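Visitor: One letter stands for each residue in the lines below.
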Amino acid sequence: MHRMAGPILTALALLGSGCATLQPPQPWEKGQLARPEMQFDPDPLGARIQQHIYASKEAATGGYGVGGGGCGCN
Amino acid sequence: MLPAVAMAQTAPDTGILQLKYLDYRDWQPGADRMSVRSPAFYVLKPLSDTLAVEGALVYDSMSGASPLYFNTLSGASGVGITEYRTAGDVKVTRYLDGAAVGVGAAVSSERDYLSRAFSLDARISTADRNRTYAFGFGGAADVINSVNGVAENERRNTLDFLVGVTQALSANAILQSNLTYSSGHGYYSDPYKPLDHRPDQRRIFAWLTRYNQHLPDTDATLRLSYRYLHDSFGSTSNALEVAWFQPLPDGWSAAPDVRYYTQSAAYFYFNPPFPSGSVPGQFYTADTRLSAFGAFTLGVAVAKSLPDAWSASVKFEFYRQRSDWRPGGGSPGIDPLSARWIEFGIAKAF
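Chains H and F supply the protein sequences, listed in that same order.
The letter at position 60 of the first sequence is residue 59 when you use numbering that gives the first Met the number 0, and the numbering goes up by one with no holes.
The letter at position 56 of the second sequence is residue 55 when you use numbering that gives the first Met the number 0, and the numbering goes up by one with no holes.
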C-alpha cells in the first residue's frame with residue numbers, strides 16, 4: 000500500500016461521516032460533547048494498559064502523549 | 000504514557016478512582032508464550048477550583064517464554080521466566096482562564112530496566128472554547144542492566160514534542176489531531192537476542208487523529224482513531240480503530256471495537272532462518288516485532304452504572320498478528336501470534 004493511502008482513506012471516511020460541515024456549538028449546545036464517551040481519553044487507565052500491550056508486540060510506539068518513558072518490553 | 004487530554008479548560012469538579020485487573024495471555028501455534036497479570040490503580044483528585052492532581056500505579060507480573068524468537072532467556076532449555084514491572088506516574092494540572100498547564104513525572108522499574116520520565120504540557124482555548132491548541136514536551140532517561148550481563152549500565156535518553164488541535168465541529172462531533180516527534184539516543188539493542196545490533200539513535204514521527212460522533216437517534220457514539228507513524232528504524236505503520244459506544248437500559252452500556260494495524264519491517268530486520276543476513280559490525284535483528292505484518296484486534300467492553308457513583312466494567316479483546324494480513328505481503332517464515340486480554344474494572348466518582 001502506498002505510504003499515504005491510509006491517511007487519505009481516513010480523511011475520506013471522516014468527510015463521508017459528515018464532519019466536513021463545521022457548525023461549532025453554542026455554549027448551551029455542549030451537553031453531548033461533555034459526555035464521557037465523547038472525550039478522547041475517557042478511560043485513562045485502560046488507555047495506559049492498551050498502549051503498553053501494543054508497544055510490547057509491535058514496532059510502533061507513541062503518538063498519544065509525551066514523557067511516558069520506556070520499558071524493557073520493546 | 001501520559002495522555003494528552005482533549006478539551007478540559009476548567010478543573011474537574013469531581014474526582015475519579017479507578018481499579019483494574021488485567022489478565023493477558025499470548026500464544027503461537029503449539030506454544031503458549033506469555034501470560035501477564037496486572038492490577039492497576041488510577042486516581043484523579045481536584046485540589047481546588049484551579050488545581051487537580053492525577054496519578055496511576057501499575058504492577059505487571061509476567062511469566063512464560065518472553066518475546067519471540069531466539070531469546071536466550073526462554074532458551075532451548077524451555078525454562079520460562081518470571082518478571083515484574085512496577086510503573087507509576089503523577090501529574091499536576093493548573094487551570095487558568097481558558098488554558099491549562101500540566102507537569103508530570105513517570106517511573107517504570109523492572110529487574111533489568113529503569114525508566115524515569117517527565118512531561119510539561121499546555122492547552123490554550125479560543126474564546127468560544129470550541130478549539131484547543133495543545134503543546135507538549137517530555138523526556139525520559141532509561142537505564143538497562145540485562146540479567147545476562149550483555150547490557151551493563153547502558154543508557155537511553157529520549158525527548159518528545161507534541162503539537163495538537165482539538166475542534167468541536169458541531170454539538171455532536173469533535174475532532175482532534177496531534178503530531179508528535181520523539182528523538183532518542185542510546186542503547187536500543189535487545190540484550191537477550193544473540194547478534195541483535197540496532198542503531199543508537201531512534202526518531203519517531205506520529206500523526207494521531209481522533210474523531211467522536213454522537214448519534215442522537217440511537218444515543219450512541221462512534222469513535223474513530225487513526226495513527227500514522229514513521230520510525231527512523233525504517234518501519235512505517237498505520238493503525239485504524241473504530242469503536243461504537245451504545246448506552247443500554249438500566250445503566251448498562253456496550254462498546255464493541257475493532258482495530259487494524261500494519262507495519263513495514265525495520266531496515267535491519269532479516270528473515271529466518273537465523274542468522275542469515277547477519278554481518279559482523281552491521282545492524283541486525285531477528286526480532287519479529289520489527290518484521291512486516293498486519294494485525295487485527297476485536298473486542299467488546301460492557302459497563303454498568305451502580306449506586307453511589309460506582310461503576311463496573313469488563314473488557315475482552317482478542318488480537319491476532321499475521322504477516323499476510325499486511326497489504327502487499329509481510330515478512331515470510333513467521334508463525335501467527337495471537338493474544339487475548341480481559342480487563343476487569345471498578346470506578347467511583349467522588
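Be aware that a few hints might be false.
To be verified - With a cut-off of at most 27 angstroms between alpha-carbon atoms, the simulated DSS-like pairs for lysine-lysine come out as follows: (1) F:K44 / H:K56; (2) F:K347 / F:K44; (3) H:K29 / F:K303; (4) F:K44 / H:K29.
Keep in mind that the hints were calculated from the coordinates and are not lab data.
Model, not experiment: these values are computed from the prediction.
Visitor: Hints numbered earlier in the text: which of these fail when held up against the supplied structure?
Guide: 1
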